[in-house]
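The C-terminal position of the sequence shown is numbered 595 in UniProt numbering, with every residue numbered one higher than the one before it.
Hints listed in this document are in silico derivations from the structure and should not be mistaken for laboratory results. Since no wrong hints were added, every one of them can be taken at face value.
Derived lysine-lysine pairs resembling DSBU-like cross-links, with alpha carbons at most 35 Å apart:
| # | residue 1 | residue 2 |
| --- | --- | --- |
| 1 | Lys478 | Lys372 |
| 2 | Lys397 | Lys440 |
| 3 | Lys372 | Lys455 |
| 4 | Lys423 | Lys372 |
| 5 | Lys248 | Lys232 |
| 6 | Lys500 | Lys397 |
| 7 | Lys248 | Lys211 |
| 8 | Lys397 | Lys423 |
| 9 | Lys455 | Lys397 |
| 10 | Lys211 | Lys224 |
| 11 | Lys259 | Lys248 |
| 12 | Lys440 | Lys455 |
| 13 | Lys211 | Lys259 |
| 14 | Lys211 | Lys232 |
| 15 | Lys478 | Lys423 |
| 16 | Lys478 | Lys440 |
| 17 | Lys423 | Lys500 |
| 18 | Lys478 | Lys397 |
| 19 | Lys440 | Lys372 |
| 20 | Lys372 | Lys500 |
| 21 | Lys440 | Lys423 |
| 22 | Lys224 | Lys259 |
| 23 | Lys455 | Lys423 |
| 24 | Lys440 | Lys500 |
| 25 | Lys248 | Lys224 |
| 26 | Lys478 | Lys455 |
| 27 | Lys259 | Lys232 |
| 28 | Lys397 | Lys372 |
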Amino acid sequence: DGFAEPGSFEQNIIYEADLPQIEALLNRSSECWQTLTYACRSSRLFNSPSEADNFRPYAWWVSRHNQPMDYWAGALPGSRKCQCGVVGNCIDPTKWCNCDSNSLDWQEDGGDIREKEYLPVRGLRFGDTGTPVDEKLGRYTLGPLRCSGDSLFNNEVTFRIADATIDLPPFDMGHSGDIYFEFKTTIENAVLLHARGPTDFIRLDIVGGTKLLFEYQAGTGTQKVYVEMSNKLNDDRWHSVSVERNRKEARLVVDGSTKAEVREPPGPVRALHLNSTLTIGARLDYRDGYVGCIRALLLNGEAVDLRSYAERGLYGVSPGCIGRCESNPCLNNGTCTERYDGFSCDCRWSSFKGPICADEIGVNMRSSSMIKYDFQGAFRSTLSEHIRVGFTTTNPKGFLLGLFSNITQEYLTLMVSNSGHLKVVFDFGFERQELIYPVKHFGLGQYHDVRFSRKNSGSTVVLTVDNYEPQEYHFDIKDSADAQFNNVEYMYIGKNESMKDGFVGCISRVEFDDIYPLKFLFQESPPPNVRSLGTPLTEDFCGVEPVTHPPIEIETRPPPLIDEDRLRDAYGPDTAILGSKVFPVNGSWSVFFPN
Numbered sequence: 001d002g003f004a005e006p007g008s009f010e011q012n013i014i015y016e017a018d019l020p021q022i023e024a025l026l027n028r029s030s031e032c033w034q035t036l037t038y039a040c041r042s043s044r045l046f047n048s049p050s051e052a053d054n055f056r057p058y059a060w061w062v063s064r065h066n067q068p069m070d071y072w073a074g075a076l077p078g079s080r081k082c083q084c085g086v087v088g089n090c091i092d093p094t095k096w097c098n099c100d101s102n103s104l105d106w107q108e109d110g111g112d113i114r115e116k117e118y119l120p121v122r123g124l125r126f127g128d129t130g131t132p133v134d135e136k137l138g139r140y141t142l143g144p145l146r147c148s149g150d151s152l153f154n155n156e157v158t159f160r161i162a163d164a165t166i167d168l169p170p171f172d173m174g175h176s177g178d179i180y181f182e183f184k185t186t187i188e189n190a191v192l193l194h195a196r197g198p199t200d201f202i203r204l205d206i207v208g209g210t211k212l213l214f215e216y217q218a219g220t221g222t223q224k225v226y227v228e229m230s231n232k233l234n235d236d237r238w239h240s241v242s243v244e245r246n247r248k249e250a251r252l253v254v255d256g257s258t259k260a261e262v263r264e265p266p267g268p269v270r271a272l273h274l275n276s277t278l279t280i281g282a283r284l285d286y287r288d289g290y291v292g293c294i295r296a297l298l299l300n301g302e303a304v305d306l307r308s309y310a311e312r313g314l315y316g317v318s319p320g321c322i323g324r325c326e327s328n329p330c331l332n333n334g335t336c337t338e339r340y341d342g343f344s345c346d347c348r349w350s351s352f353k354g355p356i357c358a359d360e361i362g363v364n365m366r367s368s369s370m371i372k373y374d375f376q377g378a379f380r381s382t383l384s385e386h387i388r389v390g391f392t393t394t395n396p397k398g399f400l401l402g403l404f405s406n407i408t409q410e411y412l413t414l415m416v417s418n419s420g421h422l423k424v425v426f427d428f429g430f431e432r433q434e435l436i437y438p439v440k441h442f443g444l445g446q447y448h449d450v451r452f453s454r455k456n457s458g459s460t461v462v463l464t465v466d467n468y469e470p471q472e473y474h475f476d477i478k479d480s481a482d483a484q485f486n487n488v489e490y491m492y493i494g495k496n497e498s499m500k501d502g503f504v505g506c507i508s509r510v511e512f513d514d515i516y517p518l519k520f521l522f523q524e525s526p527p528p529n530v531r532s533l534g535t536p537l538t539e540d541f542c543g544v545e546p547v548t549h550p551p552i553e554i555e556t557r558p559p560p561l562i563d564e565d566r567l568r569d570a571y572g573p574d575t576a577i578l579g580s581k582v583f584p585v586n587g588s589w590s591v592f593f594p595n
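Build out the structure end to end from the sequences listed, making use of the hints.
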């Protein structure tokens, strides 16, 4: 209150960090912002509208470089407006700021300043707040400088092909230099970077998945320094590596703590002379390549924008850290193992097999056939079973799967009823229950996929058939009753031992929690607790063709660009270069090309 002249109220802003620290934060951050608001009562802010050469604001903010700024928070640089003037919703449509309306009611202009080159706000200047006895009054609020993201550590690239490289300009390691970066990979042996000169060179390798080796030559023979880790470096987690060479020694530091050094022999010290490209991701000749991610590359403390190279469509290199497993290629609960140039699927926790866990493991059952799985004393007691079975049949009845306990007389049976409907019968101790899934006929030779599970402490059954909506059945179980399925001893497929005729058709996808009896039965050395009885059985895919993914696109390294000066040095000055062909040119012969 009481500052009538433009900018006559001055507020300089003091930060806890000094300016170089703040600038370092701004430069490293993906985005930064600062919130600034001005609430006013009959106190003008920008005195808008105004011509560009006649901008006479009553208030402004001061940038990092002590410039008075010509826009308010929430607007655009150079606009001479507040946010409402840019959007077009000021309370006075003829003005560019709410506070320029000269209203006796409280108004407000504010927003975020997001232009990093002007942050932080170094000062605030206000005017037109009148005298202590008039109605004019202003209140301002400046929030803290906030930043998010890290442009260094977000600068990630993926080497998805072993001979892909990023070729950087020659690296001046001189008498002293340092390299820092982070990598994430599953490869055991690879060259991470390589450069050379007429006689000197540097190279950094992963060896055996546990060791990093830095080799260099600076006129005194090849020097080696390596760090061997107790944990794996190819565990698909981020690891940091710092390489430093000075006049006396070279040092290698891994993950910020494990380090090794090598001292150079006494004698004259020579600068390390490198004149090739600094090749990231393989040797200079593209051999022994690396696949995986690299980020936060610093050369002599200066950040290198690897991502910009990848965004140019560079061969075999993608921006960001994106592995082959990102697309979830493994189906049916298969676990994807990342390789970056490919992937593999572990089907251990799936009733399927195959490269992406999509191949059916089924069996064509005969009336006299039965498969029995014996829990062998490792009895199960469950409140939330997960059971799955797939089948196809033209017989309007048949036993699909059953779980039994002779100890407690509890059981669960899944079958096709005489009417061709799906029927589930179970007794988990509280009383016998029977569920009929009558939506369709299940004996018409179509393939069906059935899932049975329980939730809510065993009181709710969820039955899902094919791609239909799950059906829920809730049972009112007394507190004194036991909804637990106790001491499951046997699982039967096709029929049980008390039945004369069994299921006729094909059964696959059999799961009971983490037990897959058909998969066990048909593996190379089946366990003794799963066996088939009656007519001998062979594995069958039940007519279900496996799902496949499009093959990974094969990429080949494009031919190198021809360096004409180097070719003429090699072949002589009288050389014609056409396309990728080199021809000598002299008076003794001529070359003619058809159109």
